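Residue numbers (the numbering used here), protein chains in the order written: chain A, 4 to 409; chain B, 8 to 332.
No lab work stands behind these hints, which were simulated from the structure alone. Wrong hints could be hidden among the right ones.
Straight-line alpha carbon distances no greater than 20 Å define the calculated SDA-like cross-link-like pairs of lysine to any residue that follow [unchecked claim]: (1) Lys267/A to Asp49/B; (2) Lys134/B to Asp292/B; (3) Lys101/B to Asn330/A; (4) Lys101/B to Ile246/A; (5) Lys142/B to Lys267/A; (6) Lys267/A to Pro155/B; (7) Lys282/A to Ile246/A.
It should be emphasised that the depicted structure is a prediction, and the values quoted were computed from it without experimental measurement.
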Amino acid sequence: MAAIIVAGLAFGTVALTGVAQRGSAISDVRSSSGPLTVTAQSIYRSLYDADATAAAAFLHAGAEPADMRQRYENDVVAAGAGLAEAAQSSGHGYAAITVLSTNLPVYTGLIETARTDNRLGYPVGGAYLREASGLMHATILPAAASLYHTETVRLGDDSNSAGSFPWLAAILGVATLVLLAFTGRYLSRLVKRTLNLGVVGGFAAILVALIWLIAAWGGVATNVHAAKNSGSNQVEMLAQIRIAVLEARADESLTLVARGSGGKYETDFNQMMTRLIGKTGSGGLLASAQAEADDPGVRSSIGAVAADLRSWLTAHQKLRGYDDTGNYGLAVGMAIGTRSADTPAFFNRIDTNIDDAIATLGARFSDRARSAQSAMGGLAIGVSVLTVLAIASAAFGLQRRIAEYR
Amino acid sequence: MRAAFRVMAVGALTSLAMAGCAASATPPTLPAPTAQAPLPQDVSDPAKPPSGSAAGDTSCDPYASLRPPASLPSPGKMPSGSTMARIQARGTLKVGVDQNTFLFGYRDPSSGQIVGFDIDIAREVAKAIFGDPNKIQLVAITAAQRIPYVTDGTVDMVVDTMTVNCARLKQVDFSTIYYDAGQRVLVPKDSNATGINDLANRKVCAASGSTSIQNIAAAPSRPIPVAVADWTDCLVMLQQNQVAAISTDDTILEGLAAQDPNTKLVGAPFTDEPYGIAIAQNNTDLVRFVNGVLEKIRVNGRWAAIYAKWLQVSAPAAPPVRYRD
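Generate the whole structure from the sequences, applying the supplied hints.
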């Protein structure tokens, strides 16, 4: 009897510990590493866009237009807010968050100095802009990328530990069942009564607990797996696409800002475009993302992005034609203009479509995470109660028999 | 029965206790971050030692260029087969210029155009070829790109505060001198330095690829040369207290001082910096043509007008001119 009690207790304890661990992992996925991955990606995007906007604003003659200033300010605020959120909840990205927090004010200070000098008509403003951009690309963006990487790894770890099969609990549960079965058979042989109700009750309770545990694991694993595939994996892909788009946009502006010595930016632009849509215009990252997407809304957004990228490439080649034949003014006009054939129109539409797709996938991820969490609902209490009932029932049943023999 | 209850109680408590155990995290020890000043991109501190000295080679006469033709061809009627005819056929004159040297070649933020003394000189050449000073494509380049862009034909000529010296004459040809400058020093207003000789072991900034950086490296007081990509990067470093002084042609320094009233020019000019227009060596007809244009604007007052417009004082005499053939 002691063996049954020990086995039952062991099963209950291990099962409960496992439930607690998985519960905490899922809770992390749902409220910490999951949202933080999205936040880290959004910090990177805001910072990159701020720098690209500052470079494009430089192309305007006179003070930069109000809507570009507003876009830059929104980006800085978004990055700052994301940073506050990451600092509060992420225990692992301290180094990266420190670099971001300490360098973002330096960056914005340099941009303001550039603006002031620009307003006064001094070319040293351009030098401050270049210094700011250098700081952004050499120090700040790598830290943001590292934060994103840290959170992505953590999300992977949490997902794996949430969805891992509870081997030890299952083995102990099966062992307890076997023990109870043998005891039941032994007793029925001994006392010539077919079934000891206490032992049967204990067996049933442990069986129910075990089945519930495994069913819950199944629910959690399915949801976590789906969250990863249709949620965070695709979001990761879209994040890569967005970063390449931002880099291409910055390259287009910087080639014009450098006015003749910007060959390396133009080369990089073409590399980004090849990466995004492949050499033929229908391959690259966009094609992969399209193949992965299973939500029709996301699919159509990605399709729209691919079409706009092709149009942008055509417009960009026209822009380069202007610049290379000395029509700098027309080239700048296409790069910062507001007509439907100007490049900002394509870029803004691409940005919006990627935003929509990421938001849809983010919502689906949250849904799946919530389902995973609810799959574990009541499991802890249920397993505790069932284990205690099982032990009590078995002990009661055996006690009666043992008492009869004393 | 009592035993069973006891067992149940113990079992329940143990399970709950174990399940309730949570791993406690120890707070990380956080390293204290230190302030790090940003730097302009592509700073070499200290600068790599330049190959060959600028002032050392005196085997040539920087003021002597090729004699212009007896009469300049009319605009739009360049002699066929000449470099100017090729430029005319292309439709624009491609000129390498600076967009960071205030007053000489800089991007005017209010108009977005590149303007300056050098630009106006270049436009005179375009006007002489096309009859229209606007048929020009201004390619903004760094100091280090001036010679390569001329030798590989990316631009037809470079008008970019470029000092003529014998080392450079081995790689490109130059027009006659259109401006005479001298190297001086720019320091913050509260500095005690009165010239390059007071800057021993101090950091002094200049653009890489310029004669200025070579002159700093060769100065007897042994300052530490710091090289940057563009002249305005030097002003950024001075404002960020990362260098003690900037040393280059007084013209460029005047442009930097105009952007920051807390600086002052000190010291007498310690080098002679004659400016010429750089042209590829096998385009001798273009060199002669440009010399003809320069001679014309010296004589008809246009050079003095451009000088007065940008440097806002009436011009001294134009620099001396000699022809080597």
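Tested hints:
1. Lys267/A to Asp49/B: With a Cα-Cα distance of about 15 Å, the restraint between Lys267/A and Asp49/B holds, given a limit of 20 Å.
2. Lys134/B to Asp292/B: 17 Å, holds
3. Lys101/B to Asn330/A: With Cα atoms ~12 Å apart, Lys101/B and Asn330/A stay inside 20 Å; holds.
4. Lys101/B to Ile246/A: Answer violated: Lys101/B to Ile246/A is near 36 Å, above 20 Å.
5. Lys142/B to Lys267/A: 27 Å, violated
6. Lys267/A to Pro155/B: 16 Å, holds
7. Lys282/A to Ile246/A: With Cα atoms ~19 Å apart, Lys282/A and Ile246/A stay inside 20 Å; holds.
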